[in-house]
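Participant: Now for the letters of each chain:
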Amino acid sequence: MPSSDANLQNLAPAVVLRRIEHTYRSGTRALAPVDLDLEHGELVSIIGPSGCGKSTLLRIVAGLEQASGGRIERHIASGGREATAFVFQQPTLLPWCTVEANVRLPLDLSEVLRADADRRASDALGLVGLQEFAGALPHELSGGMQMRTSIARALVTTPSLLLMDEPFGALDELTRSRLDRELLALRAARGFTVLFVTHSLQEAVFLSDRVLVMTPRPGHISAELRVDEQYPRDDAFRLSPRFAELCMQLSGMLIAVGATP
Amino acid sequence: MTTRNAIRWMAPVVVFATALVLWEVLVSSLDVPVYIVPPPSRIGATLVKDWSLLVAALGVTLRIAFTALAVAVVLGTVISFLFVQSRTLEASLLPYVILLQVTPVVAIAPLVIIWVDDPGTALVICATIVALFPMISNTTIGLKSVDPGLVDLFRLYGASRWQMLWRLRAPSALPYFFAGLKVAAGLALIGAVVAEFVAGTGGTASGLAYQILQAGLQLNIPRMFAALLLIALAGVAMFGLASGLSWIALRRWHSSGSERR
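Protein chains in written order, with this note's numbering: chain A, 1 to 261; chain B, 1001 to 1261.
For the record, the hints were derived by calculation from the structure and aren't laboratory data.
Careful: at least some of the hints might be erroneous.
[Unchecked claim] Cross-link-like lysine to any residue pairs, in silico, SDA-like; alpha carbons within 25 Å at most:
{"no.": "1", "chain 1": "B", "residue 1": "K1144", "chain 2": "A", "residue 2": "L137"}
{"no.": "2", "chain 1": "B", "residue 1": "K1144", "chain 2": "A", "residue 2": "G129"}
{"no.": "3", "chain 1": "B", "residue 1": "K1144", "chain 2": "A", "residue 2": "A101"}
{"no.": "4", "chain 1": "B", "residue 1": "K1144", "chain 2": "A", "residue 2": "P95"}
[Stated by the list, open to error] Covered stretches of chain A (chain B as the covering partner; in silico rule of three or more C-beta atoms under 8 Å from a C-beta of chain B):
{"no.": "5", "segment": "32-38"}
{"no.": "6", "segment": "105-118"}
[Unchecked claim] Computed list of chain B residues with no C-beta within reach of chain A, every gap over 12 Å:
{"no.": "7", "residue": "W1009"}
{"no.": "8", "residue": "V1151"}
{"no.": "9", "residue": "L1168"}
{"no.": "10", "residue": "H1254"}
Predicted model, so just to flag it, every value in this text is computed and none were measured.
For every residue, glycine included, the Cβ atom is placed at its ideal position computed from N, Cα and C.
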C-alpha cells in the first residue's frame, strides 16, 4: 500500500475539485464554482460564515451529495469508499452499541472477519486512548469521549482522506484544544490527508497547513492563508505572537468577505 | 430514597383500601340492595365461590387476547417493514389500515363471526383488528425515525439495504415498537372482550365477557363485579408485561428505560 501511495503522490493531488457548483432542489445556490487542490498529507481547513456551503462542499467530496456541476477527482489509495472517512458535527454513534462495536461498525459493514475487525477496532481505540471504555455505551461517556469514539471509528479503516465537519464545535474550549492536539498527533503518526470545516479561526490556524476562506452563499473560496509554522505544534504556538498575527490576518479575510467572526 | 419508593407503592394501595372500606360502609349503612351495588365483601366471597368458573373464563379470554396480540405484533411488524421498503405500498395500503382502525370493532365483529366458522378464530380476528393499528403506526414511525447522520454514515461505508434495515432502522425503531406494544396489549384485551360481547352465545360461550352477560341476565351482580375485576387485573397484567419487556430491551441505552434510576 505505501508504494502505491507514493506513486499516487507523484501523479496528482489527493483531491482535485474543478468548478464544483451546487444548487439545492429548492433552487437555492449553495456553491458558486469552487476550485480546490488538496495535496497528499495536507491539512486544509475551510472557514466561512454559517450557511456558506462549507458542509455541502465536504459532503460532495465524501460522495454523500452529488454536485450539480463541475468535476471531482480523488487520487487516494485503494480508491474504495473505505479510503475516505467522515467525522460529523455530532458523534453520531449507535446508542445501543458499545464503544467497541461502534468503532468496529465500518468493518462490520464491509464484512471484515470478526477476529481481524476486533483487533483493528481495539487498535483504533488505543489511538484515541479509550481502550478501557471499550465496553461502555455512548451515553455513559462525556461529549469529548464520544467524539474520540467517533474519530476512532473514522480511523479504523485506516483511511487516507479524513473529512471533518466542525467535529469539535459542540465541545468546550479545553476539550476542543486537547482534541486538536490529538488530531495533529494522529496525523503525524498515520499521514492521512485532512479536509477540516470549522467556524473557529483559532482552531483553523492551529491545525492547518492552509486555511481557505469561503464567502457567504453561494460560497466560493475567496482567500487562502498559509500557516508557515512547522509541525509538531503545541501550546507554545498558540501563545506565540505569530499565532495572534495569523489569527488577525484570517479575521481580516473573514471581515473582507462580509462575515464578522 | 426507600421512603420515597415506599410512598410510591403504598399510596395507591391506601387509596384502594380506603375506597373499599368507604364502599362497604356506604352500601350497608344506606341499605343498597345487592343487585344494585354489592359490597366488596360479597364480591370477594363470590370470587372465591365461583373461582374455578371465573378462572376458566379468564383463561379463555386471555388466550384470545394473547393470540391476537401475538398476531398483531408479527403482522404489524411485517407490514411496517414492507411500508418502509416501498413508499408505493405504503401509499396504497395505509388508507385501508386507517379505515380498519376507525371502524368500531363492534360493527365489524358480527360480520367476522358470521364469516368465520370457528368462533375462537373469529374472536381472535376481531381482537387482532383492534390491536394491529398501534403496532403498524408506531413501528412504521420508528423505522423512519433514524438519525440522518447515522444514515449518512451507513451510506458512506456502502451499507446494503439489508444492513441499513437490520443494523440501523430496526434497533432505532425498538423504542417506538415497545410504545406500540404497550398500547396494543391493552387493546388486544379490550378487543377480545368486546368481540365476546358481540358474539354472545354465538361465541365460545366461555370467556369473561360471556360470564358478565350471563350474570347480568341472571341479576347475579356480585359475579358481574368479580368478572369485571378479573378483566381489569388482566388488563393491568398485560400492560405490565409489555412494560417489563420494554424495560428489559431498552433500559441499557434508551432514556425511556432509565427513568427508574
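Participant: Could you let me know if the closest chain A CB is still more than 12 Å away from the CB of V1151/B?
Facilitator: violated, 10 Å
Participant: Regarding the assertion that L1168/B does not contact chain A, is the least Cβ-Cβ distance greater than 12 Å?
Facilitator: violated, 8 Å
Participant: Tell me if chain B covers the segment 32-38 of chain A under the three-residue, 8 Å CB rule, please?
Facilitator: violated (count 0)
Participant: Does H1254/B clear chain A by more than 12 Å, comparing its Cβ with all Cβ atoms of that chain?
Facilitator: violated, 7 Å
Participant: Given the hint that K1144/B pairs with A101/A, test it: the Cα-Cα distance must not exceed 25 Å.
Facilitator: holds, 23 Å
Participant: Can the restraint linking K1144/B and L137/A be considered satisfied, given a maximum Cα separation of 25 Å?
Facilitator: holds, 23 Å
Participant: Going straight from one Cα to the other, do K1144/B and G129/A come out at no more than 25 Å?
Facilitator: violated, 35 Å
Participant: Going straight from one Cα to the other, do K1144/B and P95/A come out at no more than 25 Å?
Facilitator: Measuring from Cα to Cα gives roughly 16 Å; hence the hint holds.
Participant: How does the segment 105-118 of chain A fare against chain B when you require at least three residues with a CB closer than 8 Å, holds or violated?
Facilitator: holds (count 5)
Participant: Regarding the assertion that W1009/B does not contact chain A, is the least Cβ-Cβ distance greater than 12 Å?
Facilitator: holds, 28 Å
The structure shown violates the earlier hints numbered 2, 5, 8, 9 and 10.
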